[in-house]
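Residue numbers (numbering that gives the first Met the number 0), protein chains in the order written: chain U, 0 to 491; chain P, 0 to 181.
Be careful, since some hints might not be right.
Think about it this way: if two alpha-carbon atoms lie no more than 30 angstroms apart in a straight line, the pair counts; the simulated DSBU-like pairs of lysine-lysine are [unchecked claim]: (1) P:Lys153 x U:Lys45; (2) P:Lys68 x U:Lys21; (3) U:Lys349 x U:Lys430; (4) P:Lys153 x U:Lys21; (5) P:Lys153 x U:Lys108; (6) U:Lys108 x U:Lys45; (7) P:Lys153 x U:Lys390; (8) U:Lys349 x U:Lys108; (9) P:Lys40 x U:Lys108; (10) P:Lys68 x U:Lys108; (11) P:Lys68 x P:Lys40.
Simulated restraints, written as ranges between beta carbons of each label pair [claimed, not checked]: (12) U:Asp18 x P:Thr146: 37 to 43 angstroms; (13) P:Glu24 x U:Asp31: 23 to 29 angstroms; (14) U:Asp351 x P:Arg115: 48 to 54 angstroms; (15) U:Glu354 x P:Glu138: 29 to 35 angstroms; (16) U:Ala90 x P:Ser140: 51 to 57 angstroms; (17) U:Gly97 x P:Glu46: 21 to 27 angstroms; (18) U:Glu107 x P:Glu114: 47 to 53 angstroms.
Selected chain P positions facing chain U (in silico; Cβ < 8 angstroms) [as the list claims (entries may be wrong)]: (19) Arg2; (20) Met6; (21) Phe16; (22) Phe55; (23) Ser149.
In short, the hints are calculated from the structure, not lab data.
All C-beta atoms in this analysis are idealised placements derived from N, C-alpha and C, irrespective of residue type, glycine included.
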Amino acid sequence: MGRSWEHLLGGYATDTLTDEEKRRLFEAALHDQTLFNALADEEALKAMLADPEARQRILASLEATEHPGRVNESRGGWLGWFRQPSSLAWAGSLAALGLVLIFGWQMEKEWGSVVSREREAERSSSKDEVAFRQQKPSDESTPLVRKEAMQRTPAQTEGIEAGRQLTPDPATRVDANNVDRRKHISAMAEKESEAREKGQAIRRQRANEQVAQAPSSPSASDQPKVGRAVQPLAVPATPEVAMPDMVPHTTAPGRFADQAAEEAPRSSPSAQELFYASSGSLADEVIGEKKDTDSLDQGSAQPFRGALSKARKPPSKKKAFSFPLEGDVEKGGGVPTARGLRYSFVQHTKADKDEEVDSRQITGNWSEIRLAVESNVSGYLYVLASLGNGKWQKLSTRDTAERVKTEVWINVKPFQRVEFPLGQLTNAIGKPVVSSLTVLLSPERLNDLGQWLGSDVAKDGLLIEHTDGVVFVVQIEPGKEVPLLLDISLKD
Amino acid sequence: MTRDQIMNHLRERIVAFATSRGSREVAEDLAQDVFMVLHEKYSQVTELTELVPLSFQILRFKMLDLHRKMLRRGEYDQESIDERPVADCEGDPSIQVEQKERVGQLIDALHRLGERCRELFRLKLQGHTFPEIQQLFGERSINTIYTWDSRCRKQLLALMGGRWETIPLTGEAKKSTGKGVQ
């Protein structure tokens with residue numbers, strides 16, 4: 000019927016209308032025959048419900064069959080409140096706000112200190128940055144490089160900044176005989192390859208952090224896919240192009256172009272910088288590439304086949320923008336490069352992530368630790384453990400249970416990460432049965448391996464840097480005939 | 000609105016209502032009987048909210064009385080209703096049985112309603128007004144309660160057969176009387 004009085008009819012029979020409702024209803028009934036008839040019919044129900052006995056009977060019947068979740072006084076409480084749409088909206092808003100606060104708190108907890116350091120660095124270089132931008136307003140990097148710079152995390156840049164510290168690292172041992180040589184190298188490298196170093200270092204840092212799910216065996220061959228796959232495209236067209244713009248906040252742009260040049264003469268480059276300084280040149284070098292056809296036939300190289308395929312390498316035209324090759328260096332026309340190794344102990348955390356830890360922090364089971372080694376050049380990698388009495392055991396990239404007969408060497412590509420589970424060197428309680436490991440990196444396959452093992456000749460001229468559980472070892476004066484030889488202690 | 004104005008409106012409505020249930024002649028007689036009672040016994044009642052429901056109550060009693068008279072005396076009952084006292088519902092066992100049956104029917108119908116309708120009816124039987132029910136349900140608008148109650152009432156009325164009580168007059172009384180005789 001759609002008339003307003005109709006809604007009051009139900010209250011007439013039960014005699015629960017208010018005085019105002021009664022007045023409205025009866026006034027309407029006097030002027031509306033339909034309502035009057037309806038009320039007259041309703042009188043029968045009213046008479047029925049007016050009988051206390053009948054009323055009580057009906058009420059008892061209704062209460063007996065009442066649903067447990069019936070409306071009662073508590074319904075006017077929190078449950079009733081919660082059923083209202085507006086209340087649900089409020090509850091949802093509060094929940095969302097809580098999530099945002101928790102998320103923000105977590106972000107602040109993780110990145111707060113890093114961001115504050117970045118801001119300090121940014122303030123310190125703001126003037127130089129402005130000047131630099133004004134001088135080179137057209138320094139716009141390629142979209143991909145810019146994107147990569149935007150994705151760079153503060154932690155990565157923190158690592159870079161740490162690598163740029165001018166004060167010498169106490170853990171760094173410098174060969175006194177090579178100081179002058181190193182300064183010369185660093186001055187040249189700083190001038191011409193600062194931007195490239197930063198880009199490579201950032202990519203390496205990010206690749207290392209993305210290692211989280213890395214398997215314990217030669218699946219390390221996957222690592223270059225993560226870290227190096229984008230390298231060809233990520234290399235800026237010119238070394239000095241737009242790195243300040245690419246990293247506006249985290250790495251103090253002005254320092255790339257201006258300050259770095261000033262800092263270089265008065266500071267020594269770290270092993271980490273030298274390690275990544277060569278990434279633009281020797282990464283593309285063909286030292287090991289010409290051996291590819293040989294190495295791919297070897298069993299040990301099988302797991303790494305395709306890890307850094309030619310398709311992923313920079314196109315040949317890109318080489319025009321990369322650092323000079325070693326051949327150029329020898330001719331004196333390019334940037335000197337240093338062959339280097341980067342190694343770390345990788346531990347799988349409870350958070351299902353891989354974490355690089357210092358060997359001194361490893362107090363528990365070594366069988367769960369992996370040794371991650373990577374070189375900045377292609378070549379042949381030997382990782383051996385001395386068992387005493389002139390006996391050596393090569394480390395496999397596989398677990399001990401899956402150990403198969405392979406070659407003693409592994410043909411690695413530049414920045415190809417190779418992991419060796421240390422479970423193959425531990426006893427029943429997880430302690431290592433050897434005190435150290437010997438690592439050799441040679442541009443060519445060594446036919447006289449015994450000549451180098453136990454020798455200190457190749458250990459001379461090494462620049463070693465310990466940084467956050469990662470050790471960089473750089474051969475100051477690389478020679479193709481002398482492999483990079485390194486001892487890694489397992490009992491610090 | 001004065002009592003006379005109310006009475007004028009009431010007479011018109013009562014005649015129209017009774018006519019819809021029987022003949023015009025019977026309807027006018029019914030209205031006259033109702034007004035007689037209102038004048039003689041309830042002359043002090045002047046409020047609209049009291050006078051109207053009172054008239055409904057008297058009208059119902061008169062109709063019941065007429066119905067019983069027709070049943071008892073046959074279709075062409077010549078006896079004036081004025082000579083008969085107002086029926087006493089409480090004293091008639093048959094009426095009590097009928098009411099008990101109707102209450103049973105009402106309970107059955109209530110159990111066939113939805114939970115909300117049952118709850119609404121229960122609250123009304125407990126004496127809660129619509130504003131109070133609104134508070135108990137936690138609804139923001141009382142119109143929501145009105146709408147729910149109206150729908151529930153219609154459902155209940157339908158389950159009860161369309162009428163809370165059947166008081167056949169004249170033609171309908173003839174049929175029911177004839178069936179009873181046969």
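Hints versus structure:
Pair hint Lys153 of chain P plus Lys45 of chain U holds up; C-alpha atoms about 15 angstroms apart against a cutoff of 30 angstroms. The hinted pair formed by Lys68 of chain P and Lys21 of chain U fails the criterion: a straight-line CA distance of about 33 angstroms is larger than 30 angstroms. A distance of roughly 20 angstroms separates the Cα atoms of Lys349 of chain U and Lys430 of chain U; the hinted pair therefore holds under the 30 angstroms criterion. With a CA separation close to 20 angstroms, the supplied pair Lys153 of chain P and Lys21 of chain U stays within the 30 angstroms bound.
For the given pair, Lys153 of chain P sits about 63 angstroms from Lys108 of chain U by alpha-carbon distance, which is inconsistent with the 30 angstroms threshold. This hinted pair does not check out: Lys108 of chain U and Lys45 of chain U have alpha carbons roughly 70 angstroms apart, beyond 30 angstroms. Our distance criterion of 30 angstroms between C-alpha atoms is broken by Lys153 of chain P and Lys390 of chain U, whose separation comes to about 99 angstroms. In summary, the hint linking Lys349 of chain U to Lys108 of chain U is supported, as the alpha carbons are separated by about 20 angstroms, within the 30 angstroms threshold.
Between Lys40 of chain P and Lys108 of chain U the CA atoms are separated by roughly 87 angstroms; this puts the pair beyond 30 angstroms, and the hint is violated. Proximity of Lys68 of chain P to Lys108 of chain U is assessed by CA-CA distance (about 92 angstroms); at most 30 angstroms being required, the pair is judged violated. Proposed proximity of Lys68 of chain P and Lys40 of chain P is supported: the alpha carbons are some 23 angstroms apart, at most 30 angstroms. At roughly 22 angstroms, the beta carbons of Asp18 of chain U and Thr146 of chain P sit outside the given window of 37 to 43 angstroms.
Range check, Glu24 of chain P to Asp31 of chain U: about 25 angstroms between beta-carbon atoms, so the 23 to 29 angstroms window is met. The supplied range of 48 to 54 angstroms is met by Asp351 of chain U and Arg115 of chain P, whose beta-carbon atoms lie about 50 angstroms from each other. Taking 29 to 35 angstroms as the suggested C-beta distance range, the pair Glu354 of chain U and Glu138 of chain P does not conform, at roughly 57 angstroms. Checked against the hint of 51 to 57 angstroms, the C-beta distance between Ala90 of chain U and Ser140 of chain P comes to roughly 21 angstroms, which is inconsistent with it.
Take Gly97 of chain U and Glu46 of chain P: their Cβ atoms lie about 57 angstroms apart, and the range 21 to 27 angstroms is violated. The beta-carbon spacing between Glu107 of chain U and Glu114 of chain P, approximately 50 angstroms, falls within the hinted interval of 47 to 53 angstroms. Because the smallest distance between the Cβ of Arg2 of chain P and any Cβ of chain U comes to about 12 angstroms, over 8 angstroms, the interface hint for this residue is violated. A cut of 8 angstroms between beta carbons decides the hint on Met6 of chain P: the least distance to chain U is about 10 angstroms, and the hint is violated.
The restraint placing Phe16 of chain P at the interface with chain U holds, with a minimum CB-CB distance near 5 angstroms, inside the 8 angstroms limit. Residue-level restraint check for Phe55 of chain P holds (minimum Cβ-Cβ distance to chain U is 4 angstroms; threshold 8 angstroms). Annotation: interface hint on Ser149 of chain P holds; nearest CB of chain U at approximately 5 angstroms, less than 8 angstroms.
Of the numbered hints stated above, those contradicted by the structure are hints 2, 5, 6, 7, 9, 10, 12, 15, 16, 17, 19 and 20, listed in ascending order.
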